[in-house]
Every structure is written in C-alpha cells, then in structure tokens.
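Protein chains in written order, with the working numbering: chain H, 3 to 260; chain S, -4 to 323.
Everything labelled a hint here was simulated from the structure, so no lab data went into it. Keep in mind that a hint or two might mislead.
To be verified - Quick list of in silico lysine to any residue cross-link-like pairs, SDA-like style, CA-CA up to 20 angstroms:
hint, chain 1, residue 1, chain 2, residue 2
1, S, Lys17, H, Asn94
2, H, Lys128, H, Lys146
3, S, Lys238, S, Leu112
4, H, Lys128, S, Phe182
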Amino acid sequence: MSLLEVQGIARAFGGVQALQEVSFAVETGQIHAVIGPNGAGKTTLFNIISGLLRPHAGRITFLGRDITALPPHRISRAGIARTFQTLALFENMTVLENVMVGRHLRSHSGAVAAALRLPRQLHEEKRIREAALGYLSSVGLFSKAEAPVSALSFGQRRLVELARALATEPRLLLLDEPASGLNPRETDDLAQLIRRVRDDSVTVLLVEHDMSMVMDISDEILVLHYGRPIASGSPAEIRADPEVIAIYLGGEFTGAAC
Amino acid sequence: MDRIASKMEIGPGLLRFLAELKIFLVLFALMGVAALLSPSFLHPDNLFNILLQQASIGVVAVGMTFVILTGGIDLSVGGAVALVSVVMAGAVFRSPAIALLLGVITGCAVGLVNGLLVTVGTLSPFIATLAMMAVTKGCALWYSDGRQTVMPGDVFQYVGSGTVFGVPFPVVVLGGATVLAWLVLRFTVYGRHVYAVGSNARASRAAGIEVPRVTLSVYVISGILAGIASILITGRLNTGSPKLGELYELDAIAAVIIGGASLFGGRGSVVGTIGGVLILGVINNILNLLGISAYSQHVAKGVVIALAVLIQSGGYRNALGRFIRLWR
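Assemble the whole structure, with the sequences as input and the hints as a guide.
Shown next, in the form of structure tokens:
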C-alpha cells in the first residue's frame, strides 16, 4: 500500500480547469517531487491534499484511509504537515513559540480543559517547550529560540516553518517551493536537511522550481502541465522525456539538466 | 542543555510580563495627577469605589480580550448584559439560584449564536455581533416590556454589595476572572491557539489548529463573562433592567485597545486590558471628584483613548512629516 494515493483529482476555479485527472502515489520513505511551469496547478494540488481546498472530483487516501473531505486539522492529525511558498508564520511570536504551536497537535487543547485542568496544562507546557527546542536544534536554529520571528532572515524563517511542520510528527511532509528566495548556499543546506528528514522516516512530497535541487534529491518526479500529469518517473527518466523537454525548451529545465 | 532550557523559560517570560506591566506606569502617572487635583482621590474608600464601579465592565473586557486576540470583535456584550438582567429579574421570584444559572446560560447562548454566525455562517464578526446587539437589546426590551424590576431577597444584594474578607464581592469576581484568563492565555495550549488564530489563520490551519472551534469558543467565553458582569451590575443596582449594559461594548473595546491589543488580532494581554479598565475608571472618577459634567466626561474619555493608542502604536512618530506630505 502506498502512503498517499491521489486518484482522479479535478478542481476548477470559475471557468479555469486548474487540475484534471491527476493521479499518482507517494511511496513511504521517498522524496517525491511535483514540477511544472507556473500555473500548472502544483499549489492547488497541495491545498487539496492538506484540506484547504475541496476537489471537485476524485479522492485521496492516506495510509489506506479516505481523507478527501476532512478539515485541515484532522489531516494534520492524521500525519500530513505542510509549509507554504509564501511563508505562514506567527509574526508576533518568538521562534520557539512558533514551533510549540506545531507541537500542540500532539497534546490536549480544549478551552474547558485549559480552565479545569490548569496545573496539568502548565506541566504539559514545559514538555512541549522541550520538544520544540529539539526540533529547532535539528534545523540549526537553537540559538534563535527566543528571538522574535520578525528578526530572522528569509531563509531562517523558512527553517522555522519547517521546524513547526516537523513538530507535528508527520508521516508525510508537503513542502511548497522550499528553496524559493534562498541563496545557493542555503539551498544546499536545505537539500541536506530534506534528505535527513527523509532518513528520519518522514516521507517528503515537494513542489520546487529549482531544477538542480529537484534532480539531485528526488526519488520520483511528477510533471504537471496545465493541470494534467504529462510524465512521471525517476529523475533520469524525466530528463530524457521528449514531452517534458519540449515544455521546458529554452527554460530553466534545459539549463539545469546540462 | 537542561540548564539552558530552564534559564530561557524564566528570562523572556519575565521580560514579557514586565512589558505587560508597562501600562500600569501610565495608570500610576494618571493616579499621581488625580491625587494632586483632588486630595480625596487617594482615600481607600475612593479607590475601592473605582474598582467596584469598574468590576462589571472589567469582566466584560476580559471576555472581549479573547475575542479581539483572534482578530474578532463582540459588539453584542452590552445587549447581552441587558438581556441577562431582565431574564434574571423574570426568574428570581422562583429562586435566586435558578435566576443566576439562567443568567449565565443566557450569556452563553448569546455567545454561541455569535460564534456560529461567524464560523458556520462566515459573517464578519462586526456584522454578526452588530446584528446580535440589536437582537439582544430588542429581546430585553420586549421581554421586560421596558420596565425595571427591583430584585427581591438578599442574594443579589450580596452579589452586588457584599464583601469577602473586606473586599467587595464584584472586585473578587473581577480578580478571579483576570487571574484565570491570564493563566489560560499565557500558559496553556488553548491560550496559545487563541493568539495563533489572530496572528495568522493560514499558519494556524497548517499547524493543525481547529480554527473554527477556537473562534467559536472565544465568543462563548465573551458571552458567559457578559452574563457574569450582568449578575454583578444587576446585584449592585439591585434592579433588573433592559437599560443596563448601555455602551458597555465601547468601554470594553476601549479598555482592550488602551491595554495594547491590536484590533487585527494576535497582540494584547489580559493584564493590559485590566490596566485599560482601571485607567478609564480613574479618569471617570477624577472628573466626578472635580465636579465636571457627565457630558464633558465623554469628551475626556475619547481624547484619552486616542492618545493612548497613538502612544502605544507609535503613530505619533513622524506625524508632522505625514501631515506635511498630506498637502503636497
């Protein structure tokens, strides 16, 4: 059984068909990339998998369970975490607090519990803090724990978002263009980090424009074009696919593939 | 590592608490001015009187803090206070205990409707609670036929004017609500979710927070606290009246904003809110002591709100430059 199975997904915005008949499977322990030109529907696909959007057709199963109609927090709880292309952080919290919020998913959180079981909640808070510090050091931001997010560089903020996603203890991590806005050095570090995450048995599904990174780290690649899958396979197969080359001709792909 | 972690726990938390207390510098400065203007201001009876007068608005403002932290607003709290008051006046002849219980339930119900309109109906909080303000005030007048009722028995008298170890009961309730809300907001998972939802809803969903449930809950909390505030004010006046709670929503919002909260959510604290409540109370009190008319008191209150927010937001910096550019 595949970890994630996407079957016949379709979604339109007004008259624009953003995704049609998209089917693929993500296998446990792999780094799976989704590539395609701008407007190919990659982010829409992520929004559907993470529950922010409902598909108009098709179904998604995760660990054999249908998650198509679940709200975002249930999907997080099932074990899928994500990051955003345009960052989504809590700007007026510290770095540590941002990660702690992700960690909350694995603890009790009701308003009534907060009021009636205050002592236990206060104790829980300490454990959450320690766990969050662990995730921060794994992305190399331990020393920034108490800094406000607004004091961080763009690259560091991406890592905070990544640490928050990891803190939910996902089985599957969705990364939406994690390298965009990073310099080459930061991109290299990120590639290392993604590999390490995979080796810690978190499966990774990523959307990315940086072709050299995608070709470098992916086990499996899916190519979308105008909302349809046109090719899938290993980096070597994708590099040799005539249709893919035609779409990317003169674009970033040919440059990066050389 | 353990030692570093425990050190870090104390450091920034304490710093933030001190930053929260900054509002009390403003309060003490204001009290200093008040003491100079009127010798009777610092008399303990007068200070207790300020606390007593502000107790019910303070309880409402604590609830309003939860709502504003999520980026919402609750305009229906004044109407809820009026409705709860007349509902209790209708039930008190059966039993004061039932009246109190019905009061809290009514406040809770108003909050629940607000929360459902915002989350399920996807109305903006302003519109949803504006509608509920009209509905609750209307229901209060309709149910009571516009009449006031003197509350019989001594339960309500105690609630409004009794003391616990010398401290007026309403002040004890305000203190309890404040401490509980502060602990919940600062040190529990739920509390951090309230801040998170107001800070960035998209990030909250990504982090697995049940955003609609958190949103619903803050309106219910606001409604329940409005119900409790109504119990206090109904007891103090010993009267169930549909006129109670007039302009409570504006005073409560003003207190929260003076306390440093952002109307866009994610920033603010209960400690700041209480500072704001007391600042408003001191201003009212000193104007009363000086014998200034109730009409000009509104003007003074408005000026203080604008000044407080100008200072807190830093909007006064470069104001001259922006003023000049306005005419270029």
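Regarding the pair Lys128/H and Lys146/H, is the alpha-carbon distance no greater than 20 angstroms? Holds, at about 18 angstroms.
For Lys128/H and Phe182/S, compute the direct alpha-carbon distance and say whether it is at most 20 angstroms. holds (9 angstroms)
Straight-line Cα separation of Lys17/S and Asn94/H no greater than 20 angstroms? Status holds; Cα separation ~18 angstroms.
Tell me if the straight-line CA distance from Lys238/S to Leu112/S falls inside 20 angstroms. Cα-Cα ~25 angstroms, so violated.
Of the numbered hints stated above, the single one contradicted by the structure is hint 3.
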